[in-house]
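Trainee: Listed here are the chains, written in short residue letters.
There are 2 protein chains.
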Amino acid sequence: MNRFIVMKESSTRLIHGFSYFQPSFRGDVRLFSHFAGNSELNSRKSMEGLVRCSANYVPLTPISFLERSAKVYSGRTSIVYGSVKYTWRETHERCIKLASALAQLGIRRGDVVATLAPNVPAMYELHFAVPMVGAVLCPLNTRYDPLTVVALLKHSEAKVIFLDYELLDVTNRALKLYAKTGKESPMLVLISEADGLSSVDYNSTAIEYESFVATGHNGFEIRRPESELDPISVNYTSGTTSEPKGVVYTHRGAFLNSLNTSFLHGSGLAPVYLWTVPMFHCNGWSFTWGIAAQGGANICLRKVSAKAIFDSIALHNVTHMGAAPIVLNMMANAPDIERKQLPHKVEVMIGGATPPHHIFDKLEKLGFGLTNFYGLTETYGPAAYCQWQPEWDLLTPDQRSKLKSRQGIHHCCVEDADVKDPATMESVKADGETIGEIMLRGNTVMGGYLKNLEATEEAFKDGWFRSGDVAVKHPDGYIEVKDRLKDIVISGGENISTIEVEAVLCGHPAVLEAAVVGRPDDHWGETPCAFVKLKQGFNANAEDILNFCRDNMARYMTPRTIVFDDLPKTSTGKVKKFILREKAKGLGSLS
Amino acid sequence: MNRFIVMKESSTRLIHGFSYFQPSFRGDVRLFSHFAGNSELNSRKSMEGLVRCSANYVPLTPISFLERSAKVYSGRTSIVYGSVKYTWRETHERCIKLASALAQLGIRRGDVVATLAPNVPAMYELHFAVPMVGAVLCPLNTRYDPLTVVALLKHSEAKVIFLDYELLDVTNRALKLYAKTGKESPMLVLISEADGLSSVDYNSTAIEYESFVATGHNGFEIRRPESELDPISVNYTSGTTSEPKGVVYTHRGAFLNSLNTSFLHGSGLAPVYLWTVPMFHCNGWSFTWGIAAQGGANICLRKVSAKAIFDSIALHNVTHMGAAPIVLNMMANAPDIERKQLPHKVEVMIGGATPPHHIFDKLEKLGFGLTNFYGLTETYGPAAYCQWQPEWDLLTPDQRSKLKSRQGIHHCCVEDADVKDPATMESVKADGETIGEIMLRGNTVMGGYLKNLEATEEAFKDGWFRSGDVAVKHPDGYIEVKDRLKDIVISGGENISTIEVEAVLCGHPAVLEAAVVGRPDDHWGETPCAFVKLKQGFNANAEDILNFCRDNMARYMTPRTIVFDDLPKTSTGKVKKFILREKAKGLGSLS
Numbered sequence: 001m002n003r004f005i006v007m008k009e010s011s012t013r014l015i016h017g018f019s020y021f022q023p024s025f026r027g028d029v030r031l032f033s034h035f036a037g038n039s040e041l042n043s044r045k046s047m048e049g050l051v052r053c054s055a056n057y058v059p060l061t062p063i064s065f066l067e068r069s070a071k072v073y074s075g076r077t078s079i080v081y082g083s084v085k086y087t088w089r090e091t092h093e094r095c096i097k098l099a100s101a102l103a104q105l106g107i108r109r110g111d112v113v114a115t116l117a118p119n120v121p122a123m124y125e126l127h128f129a130v131p132m133v134g135a136v137l138c139p140l141n142t143r144y145d146p147l148t149v150v151a152l153l154k155h156s157e158a159k160v161i162f163l164d165y166e167l168l169d170v171t172n173r174a175l176k177l178y179a180k181t182g183k184e185s186p187m188l189v190l191i192s193e194a195d196g197l198s199s200v201d202y203n204s205t206a207i208e209y210e211s212f213v214a215t216g217h218n219g220f221e222i223r224r225p226e227s228e229l230d231p232i233s234v235n236y237t238s239g240t241t242s243e244p245k246g247v248v249y250t251h252r253g254a255f256l257n258s259l260n261t262s263f264l265h266g267s268g269l270a271p272v273y274l275w276t277v278p279m280f281h282c283n284g285w286s287f288t289w290g291i292a293a294q295g296g297a298n299i300c301l302r303k304v305s306a307k308a309i310f311d312s313i314a315l316h317n318v319t320h321m322g323a324a325p326i327v328l329n330m331m332a333n334a335p336d337i338e339r340k341q342l343p344h345k346v347e348v349m350i351g352g353a354t355p356p357h358h359i360f361d362k363l364e365k366l367g368f369g370l371t372n373f374y375g376l377t378e379t380y381g382p383a384a385y386c387q388w389q390p391e392w393d394l395l396t397p398d399q400r401s402k403l404k405s406r407q408g409i410h411h412c413c414v415e416d417a418d419v420k421d422p423a424t425m426e427s428v429k430a431d432g433e434t435i436g437e438i439m440l441r442g443n444t445v446m447g448g449y450l451k452n453l454e455a456t457e458e459a460f461k462d463g464w465f466r467s468g469d470v471a472v473k474h475p476d477g478y479i480e481v482k483d484r485l486k487d488i489v490i491s492g493g494e495n496i497s498t499i500e501v502e503a504v505l506c507g508h509p510a511v512l513e514a515a516v517v518g519r520p521d522d523h524w525g526e527t528p529c530a531f532v533k534l535k536q537g538f539n540a541n542a543e544d545i546l547n548f549c550r551d552n553m554a555r556y557m558t559p560r561t562i563v564f565d566d567l568p569k570t571s572t573g574k575v576k577k578f579i580l581r582e583k584a585k586g587l588g589s590l591s
Numbered sequence: 001m002n003r004f005i006v007m008k009e010s011s012t013r014l015i016h017g018f019s020y021f022q023p024s025f026r027g028d029v030r031l032f033s034h035f036a037g038n039s040e041l042n043s044r045k046s047m048e049g050l051v052r053c054s055a056n057y058v059p060l061t062p063i064s065f066l067e068r069s070a071k072v073y074s075g076r077t078s079i080v081y082g083s084v085k086y087t088w089r090e091t092h093e094r095c096i097k098l099a100s101a102l103a104q105l106g107i108r109r110g111d112v113v114a115t116l117a118p119n120v121p122a123m124y125e126l127h128f129a130v131p132m133v134g135a136v137l138c139p140l141n142t143r144y145d146p147l148t149v150v151a152l153l154k155h156s157e158a159k160v161i162f163l164d165y166e167l168l169d170v171t172n173r174a175l176k177l178y179a180k181t182g183k184e185s186p187m188l189v190l191i192s193e194a195d196g197l198s199s200v201d202y203n204s205t206a207i208e209y210e211s212f213v214a215t216g217h218n219g220f221e222i223r224r225p226e227s228e229l230d231p232i233s234v235n236y237t238s239g240t241t242s243e244p245k246g247v248v249y250t251h252r253g254a255f256l257n258s259l260n261t262s263f264l265h266g267s268g269l270a271p272v273y274l275w276t277v278p279m280f281h282c283n284g285w286s287f288t289w290g291i292a293a294q295g296g297a298n299i300c301l302r303k304v305s306a307k308a309i310f311d312s313i314a315l316h317n318v319t320h321m322g323a324a325p326i327v328l329n330m331m332a333n334a335p336d337i338e339r340k341q342l343p344h345k346v347e348v349m350i351g352g353a354t355p356p357h358h359i360f361d362k363l364e365k366l367g368f369g370l371t372n373f374y375g376l377t378e379t380y381g382p383a384a385y386c387q388w389q390p391e392w393d394l395l396t397p398d399q400r401s402k403l404k405s406r407q408g409i410h411h412c413c414v415e416d417a418d419v420k421d422p423a424t425m426e427s428v429k430a431d432g433e434t435i436g437e438i439m440l441r442g443n444t445v446m447g448g449y450l451k452n453l454e455a456t457e458e459a460f461k462d463g464w465f466r467s468g469d470v471a472v473k474h475p476d477g478y479i480e481v482k483d484r485l486k487d488i489v490i491s492g493g494e495n496i497s498t499i500e501v502e503a504v505l506c507g508h509p510a511v512l513e514a515a516v517v518g519r520p521d522d523h524w525g526e527t528p529c530a531f532v533k534l535k536q537g538f539n540a541n542a543e544d545i546l547n548f549c550r551d552n553m554a555r556y557m558t559p560r561t562i563v564f565d566d567l568p569k570t571s572t573g574k575v576k577k578f579i580l581r582e583k584a585k586g587l588g589s590l591s
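Residue numbers (UniProt numbering), protein chains in the order written: chain A, 1 to 591; chain B, 1 to 591.
Misleading hints may appear alongside valid ones.
A pair counts as met if it fits within one copy or between any two copies, since identical chains are not told apart.
Stated by the list, open to error - Computed cross-link-like contacts, SDA-like style, restricted to lysine to any residue with a CA-CA straight-line distance of at most 20 angstroms: (1) Lys345 <-> Pro390; (2) Lys71 <-> Leu403; (3) Lys159 <-> Glu48; (4) Lys461 <-> Asp521; (5) Lys71 <-> Asp476.
Since the hints were made in silico from the structure, they are not lab data. Keep in mind the model is a prediction, meaning the values are calculated, not measured.
Just chain A, same shape as in the assembly (with noise of 0.2 angstroms):
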């Protein structure tokens, strides 16, 4: 019965499924050099009487937090769609399930299990089973076309794909290339209608997910991670400027920022929480598991509309929802006949870009609550917030909106966060008006970019991770991106933030969507180049535009150059500006 660890000797040995150890609490004398603030003696004084064991030890994991929710919220609802209802326990236990269903196909430790599926209850459900069968989750976008589907798939070697039965037919596509390549095909599990009104002619090699869990064992023994660094999922980037970047989160990362993101977002008391951030977007900004940590019902959409948001909010009694820009947009433009009453103020985290004023106002007036959130792929999603004052209150809206704007702050796991030079490391100043780079630290950053070891290091140059996104710091310490660094255009020595330009352009009535690039210029080097698509049954003219523009922005950053025309987006709905910047330059110099 002897399960202690004395802390007295680093030790690899195995206890109650540990198999690593940190060093001793009471380590021999040791000189540290690098603690060049004093001179004294930096050795450590000893402490005895301590141990590690599985009562005060646990590796962090999110796993963690649905079986709490099991025993603490077991009868409380966990998951919503359509007429499916789950409560925290019947989760849980299908989870083991499914994670035992997965053992038994000969899914080990490491191994990566891929999905291509909507918001449905098994995606939900897979974020919790992957990971208690030691695996790693690979959730692909389910916009990719079916040769990128092939090229993750074999860059992932995931073992299995679970595909919503609307992406069979893509899916099929993408495997018949797969096959081609000669290499093993990952096996298929066929996500049907979770209450199996689906009537799709199945391919016969695929199992079913609902007879897939049927297989797996209630008493499954759960494989908890050996180290809470050991990876979790692994998330592709949308590939705005290059290929996909694989990028994989830990367990420790994963707990710790759910954790933090979801009760920044709301209080720890119950929160219905609506799905149209997609679950493949960064684990649904660590939303998936950070329900969980607070017992919330998650309330699934199969495809989102603003008929469906409104029609969930009102039925499910939604409190908190994260949402895209166009979604926003879409909930604010939402014609009158699908518009519903809140319940009660919903609180709305906005991620990817600050939304127009006029949408932002609209839906504050509709009874939202919006906060800016910040972050990226490689932080696990949320990683600054915008959060709210108490003294804002007594600004006028056009101060507040215009604070409301910014990225913020960042949260308490994040370790640093900052905007330097990118060249010099040196911090900029809290001016509001000089502009660098933001950089992050923390145990809320990525492990690396999975078989990438180049990008791994690059973005992580001098110890801090490069976001490449262009920022100004307030005297307040809030954070406010201006451009992607790869976007901004330099034009006669100016910076100019393509962001500002757009949000400019996108203020004239004729205007839905507007994107910034350089245009080669002889004697400017480059001037702003916009690609502007106009709203159905709107007119305007380039001068119009200009014109506008003139009005209303300073002039060095006015652009030159009117393109009308549709804009090429990713996966993700992210404009290409690559494809944009080729077109200007095809447009030859200006001057």
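Given chain A, work out where chain B should sit, using these hints.
Mentor: Same frame as chain A, but now just chain B:
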């Protein structure tokens, strides 16, 4: 510039001040025979491209909270104490200087720094400055007598003691006793009033706190923990049943508990926290560090009184506070002249024991929101809390108050909490009736008892921390404490919760306090014996009390003996039942 550790082998190289590593992401293929649940090969699939460096790994420590608040809430109020007021930037600077001064004094990593002081700003600053020099904080209870102070200074091997001027006398007597042992006494730093108004004749050998801080350097490079399992503090238990034990906290545990507890207690938004809980109790139930995580304001009080509480709430717009039952009593029974209208709902975390219903009701009517918390020194303070469930809103006041008086469910950083049979380790039935011992596991359980490996191993027997608290588990998973394991009275084979009997006794209009212990009985084994203290100006005889008991509790629980007497208490205000048990024994067998 190569500062990366590629995660391929376990390594112990120093990098960016870290001296230990967890094992490889892409370790070799290993077999794990302890996963008995399935027969598949349980080998590990490797992952490449991952690194560990300062960009993505930092040992968890509450020091980070202070550093973050100094940046993101730099101008916001950190501490208020009378006319003294600091911002987070100032508190951070003062802590760095204080850490530097300690380093100059020769304080090494792992050295113990003791305090003997009430909740003054110096106490708060020491909670960060001592860890920032790599040392271990040992906050002694200000009610200790000189003998105990000497014993604990010797046991902890404290190198310095920070001493409040009001406790100079006790300490001088203690140090005289210390000198007799022949050992070198700890150095003294004397805390005068932070506003410079105290007029005590300082002991000439002692340094004054503000002068001491002034000797430190702003540029001091703090000593971060080498491992997040390094000790951060040692808190001595009050010793209701035995000698005080030194409970050692780690940086990791302190980070997790303070973050989690402070989020549970309130929102992330600028709390104004009133200190009535001594910072020397479990480091202020982890709120010393937790308030820094939220950038809240610490309202410090030298002396707790109803008037000081109501005045502070009104003056500083207090939003949150913690309180032991004795403080709640004080607040509920305050004369009208000392009571002020609350500016808004004030959330109160209750620790120690559930107060009687009428106190609960009265405070709620005054505008306080009360939540029961449960924890021990060994769990960094709060481990469980009575989370309000929305459906409880529909119940009768009586039902609600029954539900609210329970200790509740464990928080997200406690891995598991259960009520178990201490002999068989089986979980008790969740029927609200079967009693067992509360046991806990997880990262917020202490590292162990300082220099008392035997006690540590006893406490962690079978891989769980044994709380020594007897409780039931209700069908909804909520735990309710019934008694201390050592206090329970077993009469004729029936377990009698002395807490329940005491609650009934306190319901008698003449009773101020009551404590129940077992009195030997030849027939029943033992029977309940009540020690009762009456309110001033009230009269009641034993027969009155016994009749009241018979009317309000089950026959077998009714005390057979009533003794009118003062109750002997520990320095933390807990009744010393072992003394009462001796007295009861002295009465002889009843039957």
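Trainee: State for each hint whether it applies.
Mentor: Now the hints, each set against the structure:
no.	hint	in the structure
1	Lys345 <-> Pro390	both (18 angstroms within a copy, 16 angstroms between copies)
2	Lys71 <-> Leu403	between (42 angstroms within a copy, 18 angstroms between copies)
3	Lys159 <-> Glu48	between (47 angstroms within a copy, 17 angstroms between copies)
4	Lys461 <-> Asp521	neither (33 angstroms within a copy, 76 angstroms between copies)
5	Lys71 <-> Asp476	between (43 angstroms within a copy, 9 angstroms between copies)
Violation of the numbered hints given earlier is confined to hint 4; every other hint is satisfied by the structure.
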